[in-house]
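Sequence order for the protein chains is W and L.
The opening residue of the first sequence carries number 1 in this note's numbering; numbering runs sequentially from there.
The opening residue of the second sequence carries number 1 in this note's numbering; numbering runs sequentially from there.
Please keep in mind that the hints were generated in silico from the structure rather than gathered at the bench.
Using N, Cα and C, we set each Cβ at its ideal position, and we do this for glycine too.
Take the hints with a grain of salt, since some may be wrong.
[Stated by the list, open to error] With a straight-line Cα cutoff of 25 Å, these simulated PhoX-like cross-link-like pairs (lysine-lysine) come out:
#1 L/Lys-55 to W/Lys-45
#2 W/Lys-45 to L/Lys-45
#3 W/Lys-209 to W/Lys-366
#4 W/Lys-45 to W/Lys-187
#5 W/Lys-55 to L/Lys-18
#6 W/Lys-52 to L/Lys-277
#7 W/Lys-386 to W/Lys-365
#8 W/Lys-18 to L/Lys-390
#9 L/Lys-220 to L/Lys-187
#10 L/Lys-45 to W/Lys-52
#11 L/Lys-52 to W/Lys-18
#12 W/Lys-52 to L/Lys-52
#13 L/Lys-18 to W/Lys-18
#14 W/Lys-45 to L/Lys-52
#15 L/Lys-235 to L/Lys-187
#16 L/Lys-63 to L/Lys-185
#17 L/Lys-45 to W/Lys-141
#18 W/Lys-55 to L/Lys-45
#19 L/Lys-378 to L/Lys-286
#20 W/Lys-187 to W/Lys-52
#21 L/Lys-185 to L/Lys-365
#22 L/Lys-390 to L/Lys-209
#23 W/Lys-63 to L/Lys-326
#24 W/Lys-390 to W/Lys-378
#25 W/Lys-190 to W/Lys-45
[Said to hold, decoys possible] Listed next, the stretches of chain L that the computed footprint assigns to chain W, with coverage defined by at least 3 CB atoms under 8 Å from CB atoms of chain W:
#26 58-66
#27 69-78
Number of protein chains: 2
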Amino acid sequence: MALIVQKFGGSSVADVEKVRRVAGIIADTYREGNDVVVVLSAQGKTTDGLIKLAKEYNPNPSKRELDMLLSTGEQQSVALCAMMLAAMRIPAVSLTGWQIGMRTNSNYSNATIKSVGSERIRRELDAHRVVLVAGFQGINKYDDITTLGRGGSDTSAVAIAAAMHADLCQIYTDVDGVYTADPNKVKNAKKLDEITFDEMLELASAGAKVLHNRSVEMAKRYDVNLEVLSSYERKPGTKVRGAKKMEQAVVSGVTKDVNVIRFTLVGVADEPGVAFKVFRILANEKINVDIILQSLGRNNTQDITFTVGRADGDQAKELLLNEQDKIGFKRLDIDDHVAKVSIVGAGMLMTSGVAVNMFDALASKKVNIEMISTSEIKVSVLVDEKDADKAVQAIHDKFFGD
Amino acid sequence: MALIVQKFGGSSVADVEKVRRVAGIIADTYREGNDVVVVLSAQGKTTDGLIKLAKEYNPNPSKRELDMLLSTGEQQSVALCAMMLAAMRIPAVSLTGWQIGMRTNSNYSNATIKSVGSERIRRELDAHRVVLVAGFQGINKYDDITTLGRGGSDTSAVAIAAAMHADLCQIYTDVDGVYTADPNKVKNAKKLDEITFDEMLELASAGAKVLHNRSVEMAKRYDVNLEVLSSYERKPGTKVRGAKKMEQAVVSGVTKDVNVIRFTLVGVADEPGVAFKVFRILANEKINVDIILQSLGRNNTQDITFTVGRADGDQAKELLLNEQDKIGFKRLDIDDHVAKVSIVGAGMLMTSGVAVNMFDALASKKVNIEMISTSEIKVSVLVDEKDADKAVQAIHDKFFGD
Numbered sequence: 001m002a003l004i005v006q007k008f009g010g011s012s013v014a015d016v017e018k019v020r021r022v023a024g025i026i027a028d029t030y031r032e033g034n035d036v037v038v039v040l041s042a043q044g045k046t047t048d049g050l051i052k053l054a055k056e057y058n059p060n061p062s063k064r065e066l067d068m069l070l071s072t073g074e075q076q077s078v079a080l081c082a083m084m085l086a087a088m089r090i091p092a093v094s095l096t097g098w099q100i101g102m103r104t105n106s107n108y109s110n111a112t113i114k115s116v117g118s119e120r121i122r123r124e125l126d127a128h129r130v131v132l133v134a135g136f137q138g139i140n141k142y143d144d145i146t147t148l149g150r151g152g153s154d155t156s157a158v159a160i161a162a163a164m165h166a167d168l169c170q171i172y173t174d175v176d177g178v179y180t181a182d183p184n185k186v187k188n189a190k191k192l193d194e195i196t197f198d199e200m201l202e203l204a205s206a207g208a209k210v211l212h213n214r215s216v217e218m219a220k221r222y223d224v225n226l227e228v229l230s231s232y233e234r235k236p237g238t239k240v241r242g243a244k245k246m247e248q249a250v251v252s253g254v255t256k257d258v259n260v261i262r263f264t265l266v267g268v269a270d271e272p273g274v275a276f277k278v279f280r281i282l283a284n285e286k287i288n289v290d291i292i293l294q295s296l297g298r299n300n301t302q303d304i305t306f307t308v309g310r311a312d313g314d315q316a317k318e319l320l321l322n323e324q325d326k327i328g329f330k331r332l333d334i335d336d337h338v339a340k341v342s343i344v345g346a347g348m349l350m351t352s353g354v355a356v357n358m359f360d361a362l363a364s365k366k367v368n369i370e371m372i373s374t375s376e377i378k379v380s381v382l383v384d385e386k387d388a389d390k391a392v393q394a395i396h397d398k399f400f401g402d
Numbered sequence: 001m002a003l004i005v006q007k008f009g010g011s012s013v014a015d016v017e018k019v020r021r022v023a024g025i026i027a028d029t030y031r032e033g034n035d036v037v038v039v040l041s042a043q044g045k046t047t048d049g050l051i052k053l054a055k056e057y058n059p060n061p062s063k064r065e066l067d068m069l070l071s072t073g074e075q076q077s078v079a080l081c082a083m084m085l086a087a088m089r090i091p092a093v094s095l096t097g098w099q100i101g102m103r104t105n106s107n108y109s110n111a112t113i114k115s116v117g118s119e120r121i122r123r124e125l126d127a128h129r130v131v132l133v134a135g136f137q138g139i140n141k142y143d144d145i146t147t148l149g150r151g152g153s154d155t156s157a158v159a160i161a162a163a164m165h166a167d168l169c170q171i172y173t174d175v176d177g178v179y180t181a182d183p184n185k186v187k188n189a190k191k192l193d194e195i196t197f198d199e200m201l202e203l204a205s206a207g208a209k210v211l212h213n214r215s216v217e218m219a220k221r222y223d224v225n226l227e228v229l230s231s232y233e234r235k236p237g238t239k240v241r242g243a244k245k246m247e248q249a250v251v252s253g254v255t256k257d258v259n260v261i262r263f264t265l266v267g268v269a270d271e272p273g274v275a276f277k278v279f280r281i282l283a284n285e286k287i288n289v290d291i292i293l294q295s296l297g298r299n300n301t302q303d304i305t306f307t308v309g310r311a312d313g314d315q316a317k318e319l320l321l322n323e324q325d326k327i328g329f330k331r332l333d334i335d336d337h338v339a340k341v342s343i344v345g346a347g348m349l350m351t352s353g354v355a356v357n358m359f360d361a362l363a364s365k366k367v368n369i370e371m372i373s374t375s376e377i378k379v380s381v382l383v384d385e386k387d388a389d390k391a392v393q394a395i396h397d398k399f400f401g402d
């Protein structure tokens with residue numbers, strides 16, 4: 001007997017038939033003798049619908065009131081699922097964020113969890129009930145309702161698993177695990193049985209969006225055993241843990257991210273502190289800069305090249321052009337036809353030749369490497385967007401065979 | 001400057017245009033310098049829609065989970081209305097039942113209010129915000145969400161008005177006040193400027209459903225000044241108070257109730273205690289009996305005639321037939337083509353001839369009176385259903401002129 005937290009996303013509970021399937025998974029877990037806590041998102045497109053509705057009342061609604069409105073979606077989900085479980089003769093009780101004592105800061109619409117009460121959930125589990133908790137929501141110190149932002153229900157589930165010292169936190173999604181590459185794009189992409197928290201974080205930041213990074217970071221911090229699995233197929237998914245149990249392949253996965261733009265500041269003075277000035281301006285506005293390259297230009301100038309996320313592109317451009325005199329550069333070149341291709345693997349550091357094999361794979365397919373960046377468990381290259389899929393397939397073939 | 005509680009029902013906030021109108025009323029009250037607390041119902045048919053949805057998940061959902069689900073409707077209403085007010089530059093904050101400390105018993109789906117916190121509302125009013133409170137909902141001692149049953153938002157508003165010692169509690173509806181008779185049926189029906197709590201209670205029980213009796217009873221107990229008025233027309237409504245300010249007409253109104261059925265137990269033994277037995281059986285199942293008549297029959301037997309509400313008809317019939325031997329009656333006659341016509345007026349007791357005038361009006365139109373019942377402020381007669389409208393008009397003409 002174990003304490004298991006299960007999280008189902010909006011598409012998994014979109015309608016009565018899907019909730020019936022989810023309730024079946026919950027019922028089986030409960031009948032096996034486990035304590036079961038379930039975290040649900042709002043049904044299907046409910047949240048988007050409520051946001052659209054809000055804008056009819058106020059084109060720019062206050063985040064406090066928006067959170068008040070949006071939190072009803074998850075509350076409806078858990079009540080309906082509790083009814084479905086009762087119809088299957090599984091005792092169940094639904095609880096809101098405030099009812100379980102999900103305390104957050106006051107950053108409405110994107111709040112951070114501060115603490116989770118375990119008392120109410122424990123009492124319900126002791127009464128042999130399945131506990132259904134509305135995800136995505138909490139309350140701040142004023143007892144006002146907050147939401148955790150997109151992907152917040154994953155974070156709710158991990159926070160509850162940490163507070164309850166759960167044996168396992170299962171995140172049910174519409175994919176059946178974490179793959180060595182996007183299975184829709186790369187032939188022979190393989191499902192991973194296990195992956196480390198760090199690898200998972202690098203995969204996410206490299207463009208493979210299975211779990212929200214916030215939830216993985218929290219799982220890592222509190223050492224919560226995660227499992228990513230499908231709500232449609234009854235089979236084991238991918239375990240995400242602190243350390244791998246067995247010997248694993250050196251490389252865990254290959255990913256592609258097209259949501260990047262390359263900026264080049266041409267003709268910057270070759271003086272100390274110039275790069276600092278540039279990145280300070282962007283960091284002040286919370287714009288993340290990824291791959292960075294400094295290269296010598298003509299006449300004692302240099303070029304500074306870096307990538308930013310596509311969503312930050314317009315703001316970054318405006319900020320830099322506004323400060324052109326202060327920074328001192330001749331020209332800003334922007335290229336948004338680039339893609340970042342990465343390999344991720346916790347074993348990479350100890351294994352020589354991984355990066356070389358990657359470059360070899362790209363060369364054999366005549367893919368030009370524009371920029372390179374490495375971290376402890378990741379190697380990323382920037383390539384032309386049109387070469388990206390070919391690059392991923394070539395690298396995958398190299399590391400995972402055919 | 002006054003503290004005013006305003007309540008708007010579901011049809012008054014059914015869509016964005018209607019909420020805009022309601023927000024206009026609220027904004028004007030606020031701009032006149034008043035502290036304003038607003039209680040809202042769920043929008044339009046939201047509650048019915050959620051009940052229907054629940055039945056897809058469980059044909060017989062638990063009331064605890066149903067309350068969890070239904071309470072989201074009012075939460076959405078208040079959040080949306082707060083957004084609308086903000087768009088009109090009126091500072092507003094929405095609050096749920098639990099946020100204002102609306103404590104109830106645990107009778108899910110039909111809970112009774114035990115206490116209302118004033119602290120949070122006071123704090124928001126002191127910050128010069130309009131306070132929008134989700135009606136119809138509270139929490140019990142387990143911190144579980146309860147609802148107050150149909151008409152519950154009126155009761156929420158009165159309870160808040162009592163707790164806050166409000167100067168006035170305005171109940172906005174789709175009629176513009178309380179009338180001397182149903183204005184859709186009776187020509188020259190007049191709107192009343194004032195009416196007493198007792199008259200209002202008798203009018204409601206006599207079939208004129210403007211305010212739910214629970215809310216009027218609570219207003220009477222805590223001496224809350226009520227006003228019933230229209231959310232569509234900006235004009236004074238009907239004040240409901242403990243005592244009338246000025247001399248008023250003796251009779252306040254004429255009503256018709258067709259939701260009654262007449263039961264006759266024929267051939268009951270003419271012994272003490274028989275009537276008690278009959279009414280005990282019905283009272284045990286919370287079936288209210290209204291007009292009662294005992295009349296002598298043949299051979300030392302009597303007939304007992306009484307009316308019950310239409311909704312209780314089938315159950316009352318079954319209960320009585322099951323106990324036929326124990327009660328001892330020959331036959332049960334049921335007549336559901338009857339109507340109860342009543343006059344209500346606090347001044348009636350002190351004025352002779354009121355009942356006589358009523359009977360005179362009926363006789364002049366050849367309406368046969370089947371049964372009569374009187375209370376301190378009401379005279380009701382049972383007539384054939386087909387004569388009911390004619391009876392109401394005749395009585396109204398008699399008392400309110402033409």
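Each hint, compared with the structure:
1. L/Lys-55 to W/Lys-45: holds (21 Å)
2. W/Lys-45 to L/Lys-45: holds (21 Å)
3. W/Lys-209 to W/Lys-366: Not satisfied, since the Cα-Cα distance of roughly 28 Å exceeds 25 Å.
4. W/Lys-45 to W/Lys-187: violated (31 Å)
5. W/Lys-55 to L/Lys-18: Distance ~16 Å between W/Lys-55 and L/Lys-18 Cα, so the pair holds.
6. W/Lys-52 to L/Lys-277: Between W/Lys-52 and L/Lys-277 the Cα gap is close to 61 Å, so the pair fails against 25 Å, i.e. violated.
7. W/Lys-386 to W/Lys-365: Measuring from Cα to Cα gives roughly 13 Å; hence the hint holds.
8. W/Lys-18 to L/Lys-390: Status violated; Cα separation ~57 Å.
9. L/Lys-220 to L/Lys-187: violated (31 Å)
10. L/Lys-45 to W/Lys-52: Within the cut-off at roughly 19 Å; holds.
11. L/Lys-52 to W/Lys-18: holds (18 Å)
12. W/Lys-52 to L/Lys-52: The hint holds at about 24 Å.
13. L/Lys-18 to W/Lys-18: With a Cα-Cα distance of about 35 Å, the restraint between L/Lys-18 and W/Lys-18 is violated, given a limit of 25 Å.
14. W/Lys-45 to L/Lys-52: This hinted pair holds, its Cα atoms lying about 19 Å apart.
15. L/Lys-235 to L/Lys-187: holds (21 Å)
16. L/Lys-63 to L/Lys-185: With Cα atoms ~38 Å apart, L/Lys-63 and L/Lys-185 exceed 25 Å; violated.
17. L/Lys-45 to W/Lys-141: violated (34 Å)
18. W/Lys-55 to L/Lys-45: It holds: about 21 Å lies between the C-alpha atoms, which stays within 25 Å.
19. L/Lys-378 to L/Lys-286: Holds - the C-alpha atoms of L/Lys-286 and L/Lys-378 are around 23 Å apart, at most 25 Å.
20. W/Lys-187 to W/Lys-52: Not satisfied, since the Cα-Cα distance of roughly 39 Å exceeds 25 Å.
21. L/Lys-185 to L/Lys-365: holds (17 Å)
22. L/Lys-390 to L/Lys-209: holds (20 Å)
23. W/Lys-63 to L/Lys-326: Given pair W/Lys-63, L/Lys-326 is violated - Cα atoms ~66 Å apart, limit 25 Å.
24. W/Lys-390 to W/Lys-378: It holds: about 19 Å lies between the C-alpha atoms, which stays within 25 Å.
25. W/Lys-190 to W/Lys-45: Roughly 30 Å separates the two Cα atoms, so the pair is violated.
26. 58-66: holds (count 7)
27. 69-78: With 6 residues close enough to chain W, the hint holds.
Hint check: violations occur at hints 3, 4, 6, 8, 9, 13, 16, 17, 20, 23 and 25; the rest are consistent with the structure.
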